[in-house]
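K.L.:
Chain residues, written in single-letter form:
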Amino acid sequence: MSAIFQPVLNFGTFLWGLLGAFLVGLLGPDLAPYALYAVKTLLLIVCIVAPLMICMAYLTLLERKVIGWMQVRQGPNRVGYGWLQPIADGIKLLMKEVIIPAGANKFLFVLAPVMAMMPALAAWAVIPFGPEMVLANIDAGLLYVMAITSMGVYGVIIAGWASNSKYAFLGALRSAAQIVSYEIAMGFALVGVLMAAQSLNLVEIVQGQSGTYGALNWFFIPLFPFFLIYLIAGVAETNRAPFDVAEGESEIVAGFHVEYSGMTFAVFFLAEYISMILVATLCSIMFLGGWLSPFPASWPLVGFGGFHWLFAKVFFVLILFIWFRATFPRYRYDQIMRLGWKVFIPITIVWILVLGAWMQTPLWVWWK
Amino acid sequence: MFSTFIFYAFSTVLIAAALGVITARNPVHSALLLVLAFFTASGLWIQLQAEFLAIALVLVYVGAVMVLFLFVVMMLDINLAQLREGFWRYLPLGGLVGALLVLEMGTLLWLRFAGTEMPPPLPAGYSNTKELGRLIYTEYVYPFEIAAVILLVAIVAAISLTLRHRKNSKSQNPARQVEVKRADRVRIVSMPSEKREE
Numbered sequence: 001m002s003a004i005f006q007p008v009l010n011f012g013t014f015l016w017g018l019l020g021a022f023l024v025g026l027l028g029p030d031l032a033p034y035a036l037y038a039v040k041t042l043l044l045i046v047c048i049v050a051p052l053m054i055c056m057a058y059l060t061l062l063e064r065k066v067i068g069w070m071q072v073r074q075g076p077n078r079v080g081y082g083w084l085q086p087i088a089d090g091i092k093l094l095m096k097e098v099i100i101p102a103g104a105n106k107f108l109f110v111l112a113p114v115m116a117m118m119p120a121l122a123a124w125a126v127i128p129f130g131p132e133m134v135l136a137n138i139d140a141g142l143l144y145v146m147a148i149t150s151m152g153v154y155g156v157i158i159a160g161w162a163s164n165s166k167y168a169f170l171g172a173l174r175s176a177a178q179i180v181s182y183e184i185a186m187g188f189a190l191v192g193v194l195m196a197a198q199s200l201n202l203v204e205i206v207q208g209q210s211g212t213y214g215a216l217n218w219f220f221i222p223l224f225p226f227f228l229i230y231l232i233a234g235v236a237e238t239n240r241a242p243f244d245v246a247e248g249e250s251e252i253v254a255g256f257h258v259e260y261s262g263m264t265f266a267v268f269f270l271a272e273y274i275s276m277i278l279v280a281t282l283c284s285i286m287f288l289g290g291w292l293s294p295f296p297a298s299w300p301l302v303g304f305g306g307f308h309w310l311f312a313k314v315f316f317v318l319i320l321f322i323w324f325r326a327t328f329p330r331y332r333y334d335q336i337m338r339l340g341w342k343v344f345i346p347i348t349i350v351w352i353l354v355l356g357a358w359m360q361t362p363l364w365v366w367w368k
Numbered sequence: 369m370f371s372t373f374i375f376y377a378f379s380t381v382l383i384a385a386a387l388g389v390i391t392a393r394n395p396v397h398s399a400l401l402l403v404l405a406f407f408t409a410s411g412l413w414i415q416l417q418a419e420f421l422a423i424a425l426v427l428v429y430v431g432a433v434m435v436l437f438l439f440v441v442m443m444l445d446i447n448l449a450q451l452r453e454g455f456w457r458y459l460p461l462g463g464l465v466g467a468l469l470v471l472e473m474g475t476l477l478w479l480r481f482a483g484t485e486m487p488p489p490l491p492a493g494y495s496n497t498k499e500l501g502r503l504i505y506t507e508y509v510y511p512f513e514i515a516a517v518i519l520l521v522a523i524v525a526a527i528s529l530t531l532r533h534r535k536n537s538k539s540q541n542p543a544r545q546v547e548v549k550r551a552d553r554v555r556i557v558s559m560p561s562e563k564r565e566e
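First to last, the sequence lines map onto chains P and F. Under the numbering used here, residue 368 is the last one in the first sequence; the count climbs by one each step, no gaps. Under the numbering used here, residue 566 is the last one in the second sequence; the count climbs by one each step, no gaps.
Just chain P, with the same shape it has in the complex (with noise of 0.2 Å):
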């Protein structure tokens, strides 16, 4: 396997000096590093966000495709089959007009969509797809994940005044109010991870969850009712069904995006999608292995860690987010509420004292 691949390194390390050879020319020694810096940096950045880009886009299908089948229905089969629908749907929206309403304060809601998508694409510095393939290995990794995406919600409020819309506006209010009410019993849920990882690198959360046993050195069983609270605040966080109250299509249209055509609703649309693989990732990461097998590693063949493990867990997350759209009805308004101050705040409370308790005494087996 490897000589195949052994061409094509030598290749890329030549071409590489080349660029550093090229670079030193054009700058002098003094500069030339921190320009290869950039170009390496921002190479490594296109290599996570191309991939996400198409992720994202079959994402769209996958949902339309099993939220199709789960209501005994085709789902997109025209356009190459099926296959080719999301970049239809892409071509379709880059054409349409983008119209901006009279009374909108223009700035605003053209950095609005702006606002939504930076905090989904910049929290992937962090996240590990394998033990060495992260571009920021950063010591206070959950911390910079948390506060990333706290600022999504942004993007969502200023849509929503920006629009001088009443539809728009109500959309925001409920979207704020949730999201803030919701990223506690988050944080909570994550106070958890970083007692049991006993550090805030995502690196290490991942090889604090390695072992003998496989699956059964995962964090979701000691952190359960954490993983089921991360779970569903993710998808609150997200803003999807059944907690879409800030679209809610039959009460206020379809909330904070109501005044967006063409590419900027295309933009919050992208936001959306890659704000629930970035949650089904993290849920990956933190409680479910990260690229860890599930076997053991003393087996053959499957024992071994590696990228298509974290693959296959967050496309289980990920149908688990489009089973919940096709299956709940939407929650009431103060439901939600409820569920998040009354409910998962006092869980992950009572959750994190059990934990410190546990991990006192020698029935915790999950110290590396």
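If you're looking for bench data, these hints aren't it; they were derived computationally from the structure. Don't take every hint at face value.
Reference excerpt, derived from the structure (chain F facing chain P, CB under 8 Å, subset only) [what the hints assert, rightly or not]: (1) V396; (2) L427; (3) L436.
Note that beta-carbon positions come from the ideal geometry of N, C-alpha and C, so glycine has one too.
Following the hints, position chain F against chain P.
P.N.:
Chain F alone, transformed into the frame defined by chain P:
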């Protein structure tokens, strides 16, 4: 040299945003510029290798406090003329407070930090988060816990001061809703079938 450039770039943005907060005519713009100011300040802190404080600033102020701020500001019925009415009346007082703040800050910085060299670069494995946690939970554990309790009391007080039970407000008890049995709601009546009259 590169970090100096970044420092000045961030500082320029920070100062411009902070000026914008007090000069913007629309309160929503002010609030958003304040968000920008917080974010830029956290960038500066990251440059000082205080990554925990920087991320906490974004998490707490940008992610939560300013969202609620915006939430309130957006719902205000903004009357710009009224907002700017008392400018000359409040100018002397505001100017005095501002001058006092500058004076205090200036003395502090001048007395404490004048002539201090940059600290030596930190070792490779240094984790700001770890050091901060160690200090807070060992040396300063009592002040930290007491501060936490004071904050908790403040939250409870704020809620209990503003919570009013209206007599005519309708509410549901979810526990009772869950307890309901089928027999409480549905009564099946058996009726003999009747012949239709022609």
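K.L.:
Each of the hints needs a verdict: does it hold here or not?
P.N.:
Hints and how they fare:
Taken as an interface hint, V396/F checks out: its beta carbon lies about 6 Å from the nearest beta carbon of chain P, inside 8 Å. The beta carbon of L427/F comes within 4 Å of a beta carbon in chain P, closer than 8 Å, and the hint placing it at the interface holds. The beta carbon of L436/F comes within 7 Å of a beta carbon in chain P, closer than 8 Å, and the hint placing it at the interface holds.
Figure legend: structure checked against the earlier numbered hints; every hint is met.
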